[in-house]
Structures are given as structure tokens and as C-alpha cells.
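With the hints as extra help, turn the sequences into a complete structure.
Residue numbers (this note's numbering), protein chains in the order written: chain A, 1 to 553; chain B, 1 to 205.
Treat the hints with caution; some may be incorrect.
The calculated lysine to any residue pairs, modelled on SDA-like cross-linking and capped at a C-alpha distance of 20 Å, are [what the hints assert, rightly or not]:
id, chain 1, residue 1, chain 2, residue 2
1, A, 25, A, 517
2, A, 25, A, 118
3, B, 172, B, 97
4, A, 187, B, 17
5, A, 187, B, 33
6, A, 522, A, 543
7, A, 287, A, 529
8, A, 187, B, 28
9, A, 187, B, 97
10, A, 25, A, 42
11, A, 187, A, 197
12, A, 427, A, 484
13, A, 187, B, 22
14, A, 187, B, 19
15, A, 522, A, 192
16, A, 187, B, 171
17, A, 187, B, 16
18, A, 522, A, 539
19, A, 427, A, 489
20, A, 427, A, 481
21, A, 187, B, 205
22, A, 187, B, 183
23, A, 287, A, 192
24, B, 95, B, 85
25, A, 494, A, 484
26, B, 172, B, 22
27, A, 187, B, 172
28, B, 95, B, 171
29, A, 494, A, 482
30, B, 172, B, 183
31, A, 187, B, 24
32, A, 187, B, 85
33, A, 187, B, 32
34, A, 187, B, 18
35, B, 172, B, 37
36, A, 522, B, 179
37, A, 187, B, 37
38, A, 427, A, 438
Hints are computed from structural coordinates only; laboratory data are not their basis.
Please read all numbers here as calculations on a predicted model, not as lab measurements.
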Amino acid sequence: MSTDTIEILRRAGAPIHPEPESFVKRYLFSIDHKVIGVQYFIVAGLMILLSGLFAEAIRVQLTQPHNSFLTAQQFNEAFTFHGTLMVWFGAIPLVTGAFGNCVMPLQIGARDVAFPWLNMFSFWTFPPAVLILLSSLAFGAPDAGWTEYPPVSLQAGIGIVFWTTAVFTVGIGATLTGLNFLTTVVKMRAPGMTFTRMPLFVWATGVTSILSLVATTALASALGSLFLSHVFNIPFYDPSRGGTVVLFQHMFWFYSHPAVYIMIIPIFGVISEVIPTFARKPIFGYKLIAYSTVSIALLSFMVWAHHMFTSGLGPWVTLPFMILTMIIGVPTGIKIFSWVATLFGANMRLTTPMLFSLGFLSTFTLGGITGIMLASVPVDWHEHATYFLVAHIHYVLFGGTVMGVLSGLYYWWPKFTGRMMSETLGKWHFWLTFIFFNTTFLPMHLVGLVGMPRRVAYYDPAYHAINLFISINAFILGACFLLLIFNMFWSLKKGPAAGPNPWGARTLEWMISSPPPYYNFKEVPEVYAQPYGYGEPLPYNAPYDQMSTTPTY
Amino acid sequence: MAVHTEALEYAHHGPMTDEEYVEQRDLRFLGFLMFLFTDSIFFTAYIFAYLYLRSAAPVWPPVGIERPDVNLGAANAIALFGSGITAHYAMTRLKENRLSGYIWFTIATIILGILFLLGQVYEYHAFYHEGVTWAGSTFGASFFTLTGLHGFHVFVGVWFLIATFAQTLAGKYSPSRHFGLTAATLYWHFVDVIWVVLFFLFYIY
Numbered sequence: 001m002s003t004d005t006i007e008i009l010r011r012a013g014a015p016i017h018p019e020p021e022s023f024v025k026r027y028l029f030s031i032d033h034k035v036i037g038v039q040y041f042i043v044a045g046l047m048i049l050l051s052g053l054f055a056e057a058i059r060v061q062l063t064q065p066h067n068s069f070l071t072a073q074q075f076n077e078a079f080t081f082h083g084t085l086m087v088w089f090g091a092i093p094l095v096t097g098a099f100g101n102c103v104m105p106l107q108i109g110a111r112d113v114a115f116p117w118l119n120m121f122s123f124w125t126f127p128p129a130v131l132i133l134l135s136s137l138a139f140g141a142p143d144a145g146w147t148e149y150p151p152v153s154l155q156a157g158i159g160i161v162f163w164t165t166a167v168f169t170v171g172i173g174a175t176l177t178g179l180n181f182l183t184t185v186v187k188m189r190a191p192g193m194t195f196t197r198m199p200l201f202v203w204a205t206g207v208t209s210i211l212s213l214v215a216t217t218a219l220a221s222a223l224g225s226l227f228l229s230h231v232f233n234i235p236f237y238d239p240s241r242g243g244t245v246v247l248f249q250h251m252f253w254f255y256s257h258p259a260v261y262i263m264i265i266p267i268f269g270v271i272s273e274v275i276p277t278f279a280r281k282p283i284f285g286y287k288l289i290a291y292s293t294v295s296i297a298l299l300s301f302m303v304w305a306h307h308m309f310t311s312g313l314g315p316w317v318t319l320p321f322m323i324l325t326m327i328i329g330v331p332t333g334i335k336i337f338s339w340v341a342t343l344f345g346a347n348m349r350l351t352t353p354m355l356f357s358l359g360f361l362s363t364f365t366l367g368g369i370t371g372i373m374l375a376s377v378p379v380d381w382h383e384h385a386t387y388f389l390v391a392h393i394h395y396v397l398f399g400g401t402v403m404g405v406l407s408g409l410y411y412w413w414p415k416f417t418g419r420m421m422s423e424t425l426g427k428w429h430f431w432l433t434f435i436f437f438n439t440t441f442l443p444m445h446l447v448g449l450v451g452m453p454r455r456v457a458y459y460d461p462a463y464h465a466i467n468l469f470i471s472i473n474a475f476i477l478g479a480c481f482l483l484l485i486f487n488m489f490w491s492l493k494k495g496p497a498a499g500p501n502p503w504g505a506r507t508l509e510w511m512i513s514s515p516p517p518y519y520n521f522k523e524v525p526e527v528y529a530q531p532y533g534y535g536e537p538l539p540y541n542a543p544y545d546q547m548s549t550t551p552t553y
Numbered sequence: 001m002a003v004h005t006e007a008l009e010y011a012h013h014g015p016m017t018d019e020e021y022v023e024q025r026d027l028r029f030l031g032f033l034m035f036l037f038t039d040s041i042f043f044t045a046y047i048f049a050y051l052y053l054r055s056a057a058p059v060w061p062p063v064g065i066e067r068p069d070v071n072l073g074a075a076n077a078i079a080l081f082g083s084g085i086t087a088h089y090a091m092t093r094l095k096e097n098r099l100s101g102y103i104w105f106t107i108a109t110i111i112l113g114i115l116f117l118l119g120q121v122y123e124y125h126a127f128y129h130e131g132v133t134w135a136g137s138t139f140g141a142s143f144f145t146l147t148g149l150h151g152f153h154v155f156v157g158v159w160f161l162i163a164t165f166a167q168t169l170a171g172k173y174s175p176s177r178h179f180g181l182t183a184a185t186l187y188w189h190f191v192d193v194i195w196v197v198l199f200f201l202f203y204i205y
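What follows is the structure, given as C-alpha cells:
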């Protein structure tokens, strides 16, 4: 940066950290939130693909009732890695680390997050954790599923030590990211941006950060005790010495239930940005969406035992958890209604991000409905540990999180690369993903209802035809991601220039050039109203009030 | 509201202005409070585990194990709580720009902290001598895990105090700018408060 630019920025009240010249400081150990966000995106994206390969291996095994593609041991390792990689190394880093880092500071008009150096540190806990986890494949991989319940997890070999260390390490990064983001949201919003003027993605990121702060440390203690149980043989989970295995389930799910909201609340934020942009209408019920996010977060700490209905808790424990779990459906339903009401009467523009958001609305709602079914104790007793549960979790995590991530990816891609992706390919990608997602996971409800247990390498030949059908569709679903990868590389090389605001959106990140300059905002924006007033003048001071919100694409 | 500063080491090469310092201090203060909060969840989870195991056991402490010696625990607690008081006065003295007072109170705090750690080592030694071990029983498992985690925090706190002490002697902190010292003192009080809970749970309840 020239000294002139520095002087301009200083007068504008913006702080300056000069753009580093060296490759290492610019792209590897960068303290800039945009670079760190992209780093998260690359590593977490690779983990999603790797985890997808594990899923495909599971499906190959299940094409035949007694297949010899994998041994039973390898099958256990495959579903353990699939779950572990998807949850901690794919979904959570994508929705917090990647989207949060890239978008949130821009949306509040800040130069960076509150603690840029800490942000870099958070990211760099991630690749070592990946290496630790993957190296366990060479030393006896963990094989008790992503939940690693004792005593099974403690009976296995050294793999559990790698697993706990890896998840602990990535958890440190997640906690510090939460701390960083919450401080940023509370303290660093642009002048005039009150809480109820924040974009809804910022609400979502802030609330997710609270969840990370409270819950991830609880996971750390659960992992710590599992680690100690294996290494030092302490009797927390050994019934023969006074311990109890249900204790682990409590400690684990006290984290892991909020964790499912860590994976979905940022996506609620993404959907709340995408839908008004392409409906060209103010979002319906801004405050309802914002406050229901908060109430979901609060309730998420009071429902963990609904994962443990079959663990032998008494009815005086399961009943309140059942009722509280069903209550969570209320704020979630409020959101769905608000989004649908935003669409009501709108002249929608069916671009790729919008299509994925609409896909999210339908598939996530279906996942939510099976969630209410499973919340009911008698139903859960029947369906727990069957493929019905697998179908439910994939409807909320694939139909919810992955659909939302793809929506956000197509939406913000032009902002951070400066180039458009191919809409034609994008629409093909959406329709194929949407169709084959449903043909893959919808039959799992059926096969679960008739009684096929999950996590089994061999099964009753009576379920053969339907499993073969699921597997074939799962292979096509996996292949759909090649379209996305091709589209990304095509866009980087040949995509048309995006311009600052191709979708005609109104949040602050679209008021600056694409990709954003290193210093983000040349002049500190001042905010006068919510960003969603389509049809009204932009609620920002000069020069941002002159920006065009006419879609150019 | 000047909201656009960030880590100012990166931003400027000269000293911070007062306004920048206040902004930076407030950010770090909030961040540090969140850190302490998330750290307290660590203890909360293990305290939950302890209470859970305790309620699941037919008798507590398990047969053949005696409760920890409340006199030793109380002596230890007095050392730690006393160090909380001296840490508070050290901070006050620094704010009043009375450096010698700060020095003596901080030395007292560090010595009391080390005394606490020595007391804990003695207690561990006595327990192991009696055959109460980490792996031996659920009592041992929760006692050594929780007090060990706390002891580790005290250990870190002592080094935190020593580091900020050295920084103060080197002239880094002034009556108006002393965030590092505030953080160390706050951390020390946090460790104190945790011990209030642990002392009650293991020695009295």
C-alpha cells in the first residue's frame, strides 16, 4: 500500500495493517479475516469430500447383504470417520470458520475481527488436528462411531487417543473462534448499527458463537475424560469400579446437541440473506427470526437427553426432555413461516443460490418433522438406532446444512473471487443434487421403519433391493459434487466479472468492490436502518448510499 | 464510537493514543471474560461428573477411602484466599502509582500461590501413601481430575503473575494502562472462586 492510501485510511478512521508482501504472510499465516475464511473453506471443503468418500465406501458395502468389499472392522472405521469428519472437520469449520470469517466482519462494516492474530491461531489448530485424526488410520483407527460411547470406544486400540486429541485440538480453535466472533459482533459494529439493524447472518453468527463458547468446552471435558480413561485407566466409565457409561453420554450430548445448532444456525442466517435478496422483498418478521434464533440456542442446552431415551433414564427424566424437544419446533417453525411469508407474492428470481435456499426450505422442514417424531419417547424407542434415524440426521444435515452451505457458496462466491459461476451448471447442480438427495435418503426412512439397524456391515437379504437403490442414488449424489468443483475452477479461470453487487443485495459486503480490498471499507459506513428495505433508499451514509441495487446478473 | 481499530500492533508503529488504548483494552477485557467463562464450563462439566458418580455410588466416599483431611484443605484454602486479597491490594497499589506496595503485595501473592501448590502436592502424596489413587476409585478419579485441573490453573496463574510482575518492573504498565496486569489479577481471582466450590464439594459436602 502506498503511503497516500495509508493517509486516506487514517483520515477515514480506519486502522491500517499494511498488506503483507511475502507469500507466507499473505496466504499461509495471514491475519486477514478474508484470507482465513478462504483457508477454512479449502481445508473444510477437502474434509467434506474425503468424508463423502467414506460415505460412498459405506454404500458400496451395502449394495450386497453380505458384501466382502469392507471387513466389519473397516466398515466401523468408515462410518466413524464419515461422522467425525463431517461434523467437526467439515460442517462446523465451514459454517463458522469459512462463512463467519468471510462475511460477518464485512456485514458489520468492520476492518477485521476483534483479535486477528487469535483468528490465525484458531485456523492453525485445524490442519494439525486433521493430520492427527488421519494418522490414526495407520495405528488402529477409532471404530465406535462419531459418538465414541464407552465402553466400546475404550475396548479398541490406540485410535481413540488420536481421535480425542484431534477433536480436542479442533475444538480449541472452534472455541476461540466463538470468543473472537462474539467480541467482534458485540464491540465492532459500524456506527449506527444497533442490534436490531444487524443483518440476520450476523445475528446467527453471534448466537452460534455463544453456543461454541458454552458447549465446546463441555465437549473438551468429555473428550478429556475419555482420553484419561484410556491412557491412565481412570474408572469414570468402568461400572466394575463404580463408574457409569451413561455419564459419558450426558457429557457428550450436552455438547453435541448444541453442536447440531452450531451447524444449522449460521445456515438460518444464510437463508435469511438469500431469500429477501432474490424475492426482492423485505424479510418478513426480522425480529421474530432474530429472537427465535436466540431461543433455539437457549433451548438447545435443555434437550440433550433426547439422544439417550434408550439408555435407561427414568420417565421423570425423559418426559421433560421430550416436551422441551418438541418446544424447539416452535421457534424453528417461526423461521420457516417467516421465510415462506417473505416469498409470498414475491416476484422471485430463481438463481442458483435461491434454488438451493428453496431446496433447503423443503428438505429441512421434512427433517424437522421426523425430528418431532423422534422426540416422542415411544416412537424413539422403536426407531432409535435404525435407518430412520440416519434418514432424519441426513435430512437436517445434508438437506439443511449442506443445502445452505451450497446456497451461501453460490451467493458469496462472486463477492470473494470477483467472478461469477456458471448459472447453467449451477442449476444442473441444484436439480441433480435435490433429486438424488431425496432418492438417496427418503427410502432410508422406509428401510428404518421396517427395522433395519444402522451401523451394520451385513444385513437381512429382505432389505437388499431398497439398499441397492439407495446406494446407486448415493453414487450419483456424490458425483453431483464434481459439477460444483468443475464450476468453481471454470469460474476462477473464465467466469465473467461479477462487479460489486451482481445480485442487487443490500447488506454492507455488497457495497464494496469484489473481491473486497485488503482494508475492506475505505470510509467507515454509518447505518441508519435494517438492510432489508427493498424498494427504499440504501440506509448508509455517502458514498455507500449511491450504490446500485439493481441486479446485474 | 470508534469501532474500527483492531490489534494495534499491526496498525501503527508508534505508541497508541489514549482513545485507541481504551478501545483495545475494552475488546480484550470482553474477550478475556469470555475466556474465563468458557474455562469455567470445563470445571462445571467435571463437577457434574463428580456429583453424578457420587449419586450413583451406594456409599460415599467408597468403602476403604477416608474423606480428605479438612484441616489441610482449610489451611490450603486460607493460603489461596489470602493470595486473592494480596493480589487485590497489589492491583490497587499499582493504580495509586505506589510501586513498592505493588512489589511486596505481588511477591506475597506469588509465595502464597506456591504454598498452595506445595500443600496440594503434600496432600496428593498422603493420598497415594494411603493407596487412594487416580485409577483406583471413582472418588480418586474425580478428586485428582478436578483438583489437578485446578492445580494446573494455579500453576499457570503463578506464572502469569510472575510474567506481569517482570513486565511491570520493566515499566510496561502504568496507573492508566495496565490491561495485562488486570487480566492476571482477574485470572487469579477466578482460580480462587473455583477453589471455593471445590473446597465445599470435596471437604465439607
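Here is how each hint holds up against the structure:
{"no.": "1", "hint": "25(A) <-> 517(A)", "result": "holds, 17 Å"}
{"no.": "2", "hint": "25(A) <-> 118(A)", "result": "holds, 15 Å"}
{"no.": "3", "hint": "172(B) <-> 97(B)", "result": "holds, 13 Å"}
{"no.": "4", "hint": "187(A) <-> 17(B)", "result": "holds, 19 Å"}
{"no.": "5", "hint": "187(A) <-> 33(B)", "result": "holds, 14 Å"}
{"no.": "6", "hint": "522(A) <-> 543(A)", "result": "holds, 10 Å"}
{"no.": "7", "hint": "287(A) <-> 529(A)", "result": "holds, 13 Å"}
{"no.": "8", "hint": "187(A) <-> 28(B)", "result": "holds, 10 Å"}
{"no.": "9", "hint": "187(A) <-> 97(B)", "result": "violated, 30 Å"}
{"no.": "10", "hint": "25(A) <-> 42(A)", "result": "holds, 17 Å"}
{"no.": "11", "hint": "187(A) <-> 197(A)", "result": "holds, 14 Å"}
{"no.": "12", "hint": "427(A) <-> 484(A)", "result": "holds, 10 Å"}
{"no.": "13", "hint": "187(A) <-> 22(B)", "result": "holds, 12 Å"}
{"no.": "14", "hint": "187(A) <-> 19(B)", "result": "holds, 15 Å"}
{"no.": "15", "hint": "522(A) <-> 192(A)", "result": "holds, 17 Å"}
{"no.": "16", "hint": "187(A) <-> 171(B)", "result": "violated, 29 Å"}
{"no.": "17", "hint": "187(A) <-> 16(B)", "result": "holds, 19 Å"}
{"no.": "18", "hint": "522(A) <-> 539(A)", "result": "holds, 17 Å"}
{"no.": "19", "hint": "427(A) <-> 489(A)", "result": "holds, 16 Å"}
{"no.": "20", "hint": "427(A) <-> 481(A)", "result": "holds, 13 Å"}
{"no.": "21", "hint": "187(A) <-> 205(B)", "result": "violated, 42 Å"}
{"no.": "22", "hint": "187(A) <-> 183(B)", "result": "holds, 19 Å"}
{"no.": "23", "hint": "287(A) <-> 192(A)", "result": "holds, 18 Å"}
{"no.": "24", "hint": "95(B) <-> 85(B)", "result": "holds, 16 Å"}
{"no.": "25", "hint": "494(A) <-> 484(A)", "result": "holds, 15 Å"}
{"no.": "26", "hint": "172(B) <-> 22(B)", "result": "holds, 16 Å"}
{"no.": "27", "hint": "187(A) <-> 172(B)", "result": "violated, 26 Å"}
{"no.": "28", "hint": "95(B) <-> 171(B)", "result": "holds, 14 Å"}
{"no.": "29", "hint": "494(A) <-> 482(A)", "result": "holds, 17 Å"}
{"no.": "30", "hint": "172(B) <-> 183(B)", "result": "holds, 14 Å"}
{"no.": "31", "hint": "187(A) <-> 24(B)", "result": "holds, 10 Å"}
{"no.": "32", "hint": "187(A) <-> 85(B)", "result": "violated, 32 Å"}
{"no.": "33", "hint": "187(A) <-> 32(B)", "result": "holds, 14 Å"}
{"no.": "34", "hint": "187(A) <-> 18(B)", "result": "holds, 18 Å"}
{"no.": "35", "hint": "172(B) <-> 37(B)", "result": "violated, 27 Å"}
{"no.": "36", "hint": "522(A) <-> 179(B)", "result": "violated, 30 Å"}
{"no.": "37", "hint": "187(A) <-> 37(B)", "result": "holds, 18 Å"}
{"no.": "38", "hint": "427(A) <-> 438(A)", "result": "holds, 17 Å"}
This entry does not satisfy hints 9, 16, 21, 27, 32, 35 and 36, going by the numbered hints stated previously.
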